[in-house]
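These protein sequence lines map, in sequence, to chains A and B.
Residue numbering for the first sequence follows numbering that gives the first Met the number 0, starting at 0 and increasing by one per position.
Residue numbering for the second sequence follows numbering that gives the first Met the number 0, starting at 0 and increasing by one per position.
Just so you know, these hints were derived from the structure itself, not from any lab.
Where a beta carbon is used, it is the ideal one built from N, C-alpha and C, also for glycine.
Beta-carbon label-pair distances, calculated as ranges:
#1 B:S220 / A:V450: 26 to 32 Å
#2 B:L227 / A:A325: 55 to 61 Å
#3 B:S220 / A:E318: 52 to 58 Å
#4 B:G136 / A:R383: 18 to 24 Å
#5 A:V494 / B:T206: 43 to 49 Å
#6 B:T206 / A:G115: 56 to 62 Å
#7 A:R291 / B:A218: 55 to 61 Å
#8 A:N331 / B:P68: 50 to 56 Å
#9 A:R383 / B:P68: 30 to 36 Å
#10 B:A203 / A:G366: 31 to 37 Å
#11 A:P65 / B:T206: 55 to 61 Å
#12 B:G136 / A:G366: 28 to 34 Å
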Amino acid sequence: MLWACLRFPRLALDAIRIGEPADREKPFAVIDGPAQRRHIVLANAEARRSGVRAGLALTAAHALCPELSIASRDPAAERQSLASLAAWAYRFSADVSIAGVDAILLEVGASLTLFGGLASLLRRLRYEVAAFGFDYSLAAAATATAAHVLSAQADGIAIPHAGPLASALGAVPLATSGLDAEAIAALRGMGFRNLRDLFRLPRAELARRIGPDALDHLDRMRGLVAETLKRYRPADRFERKLEFSFGIESQGALGFALQRLVRELATFLVARDGGVQRFTLVLGHERGASTRIDVGLLAPQRDAIALFDLARTRLERVELVAPVHALTLVANDLPPLCPLHVDLFDTSRREALDWPALIERLRARLGDEALHELRCVADHRPSRAWRFAEVDVESNRAKTQSPSVVPAKAGTQRLASDNAKAPDSRLRGNDGNMASAFRKRPFWLLPKPCVLRGELAKILAGPERIESGWWDEHDKRRDYYIVETRLGQRAWAFVPAESDTGWTLHGWFA
Amino acid sequence: MFTSTAEAAASVADPSDFIQAPPIAKRTPAPPLIATRPPRNDEALAEVLRHPGIWRRGAAARPKIDVEPTGNASLDARLPGGGWPRGALSEILIENDGIGECSLLLPALAALTQAGRRVVFVAPPYIPYPPALADAGIDLAHVVHIDAADADKHWTAEQCLRAGCCGAVLSWMPRTDYRQLRRLQLAAETGAAIGFVFRPLGAARETSPAALRVQVSMAESGPRVEILKCRGRVGENSLAALLSA
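One chain only, chain B, in its complex shape:
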């Protein structure tokens, strides 16, 4: 009578019995209450915890984000995953042109083109000056410039993002809305491309489906990048990243 309850108690406490209870275990002599666990229990538990459906707070590793390093160590350290997220839309909010917002992307674009990935400029406001691009290490053979009317901008950006043959798609959208950005975000997910959207600073108040939103502004010491929104955990001491000019 006593042994049977002890066995029952042991079997309840032992998680491995729920997973794989070998019939031989029943025939072994009753353990002296619940004292020590054989090592296989830990393995079994670890095996259960490895199940993708089980999420543990705390010790779990950060979700893996596929990124393209920005080429700026201090910014990389602050962005989740350590770079511009691939297969997602990144919004760059600026007050005025010419505060270093594009130079922010140059190292990543250079790395992409050198790896043979295509970089597409969709209806840029001015001419992306080829000598400057070449100076930054961008392989111009992989850069495509597309003229598009305002009405076709979204469509063009979406097609390029979705096609899966463009590494990065840069677009300038002074006027857009949540629905259109959502389409771009989904297209970027489908095509595993990096989507950069430049928007005016006023749009920071609006909600956005973009995976990453950064604000670039001018401070005394040079351009300042502030992460407004990101997926995943931000690096330590994160909300304002100073860039070396």
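Bound conformation, chain A alone:
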């Protein structure tokens, strides 16, 4: 067993801060306590420079640093941050547990081979946790309790073997030994300074002085008795809320908060080995009002940059009706992620990778219904001989294998539905040389036929009688001609069989 402990000594501060860079430069402190006796819990570097310390009364702090901005301590936010960090740590170990209010423990002994050794694993832990913007100290030891205690001493202590562990623990002063305050006070009074002094004492003597619980703590630290830890279990839905101390009115400032939320979501998804297909952003306004923004994707994704890009585009399209006081990201639907299979030797590899991203970007700005593919439909009526189809994010190869519908040429295509079979075969039987008549179709089709204005120069071809649809109430009977206007345009026009409105334009041979 090898345990790593990540302790977040400034969690109270980091959990509240919204990740706005501007915040880092201003003096800022977290306060706690009853209204009459507020005191500083933690202050940032800028505030400490002015002399603001933990434990200082708020009035005194304001006297030292008038521009100090403050926020009340938020234990719920701290718990949430710790839980999301545990979710992140779950990527590195199956054995993660939350220790106390500001630390997480993870058993890394079983993960060493996967991550290329302890040094490499710890480096990666550091690199990733730094990206979240949390201040931390890291320690590794053979027992969880020892790792927890050592992480309070200094950052970067790693003692994988049991031998040197005892001497390293011996140097730990009582104040940070993890014993309860009463025991520490009692031992101090007896003249003990560090753990080495305690380890030297006979067990019976020690048990009498500090009680069995504290003795057990010392035993667990040294690995003399087994440890039991409550194992962290990842959640199966994602919900994070960021609250702002002031109303945000600009999209840009919301972007920072959004980025942080999306990054947490992506981390969560990687740990679950899942993707997200649909998530909701809730902008909380004053007095309980809120704006909901649904973000839907065509295929599950978990790439933080892509998700952020899409969410931001959707967010930018929303007009902020009121200042935003909180931003929540909710993802209930977390389907398993099926990564796109990409051929190693595929020459159009870049294409396959970029296309889904491009679709998502376009959909985010233009709306979900903006992109279509075109399909031919086996129908002789021009307006019904085609349809829009959903855009497919599948790779090209998969698509070309699927049978595609060919245009209705001389009745070569049969309609699948039973009621359509009869007219289709009827047409085929009637007209033998239909293939030649169907040869020429215009490039442009007008969505709705309209009156052809302008003078006609000549008729180039026609008539081609198209008569179909008696079975579905949209019976059409038209004689189509290819005509040329005086301007040289070639038009596909018809004369309605019943009425006398003259040439009706239905397409251009562009």
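Position chain B against the provided structure of chain A, taking the given hints into account.
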């Protein structure tokens, strides 16, 4: 005294001495003034001239342009490189719809889709009629139709061109300006896509950053294509190409 000047003269005249002067050459007996050059000088000179920084007028080959053949031999012969330039914007200027301006592109689009490249229609004025496209040999599985409002047209076309996953992007821009076209041209260069922009004939007077500008008009015998601007050398007898209808 005499030999040394002769050697000096020879060394000045011999370009190879500037490039690679083997020390042994100094010790050879003095040549009888500047008479014959050993063959290696030509090789050395050719080597120098192959340097990409040296440009020689006349004999130099045409700059290589990556193109997609138009499918029309007479037009191919007149376009630099022999087709629609890839990674560039091509402007097609028309007076009216329906004079064969789109059919001009059909063979190239068919070739692209059959090769598995994607063809995107950005906010076309009418419906590109799928039966006609299929008749022209276009694989509809690779055709994407995008609805975009006027304000989003440029953005959409630019995104598609830049992404590098679209073979050709067709857009219709009755109102645009140099700056926006420049963006499209750069996007096409980045994404190595063929950008087609259809504009009204009145825009022919404006300057444009497009690599190729052609005007399509209707003549007695059929559609006529005139190359207004292109990068690279135009084919012989070039400024008016007649198309068979």
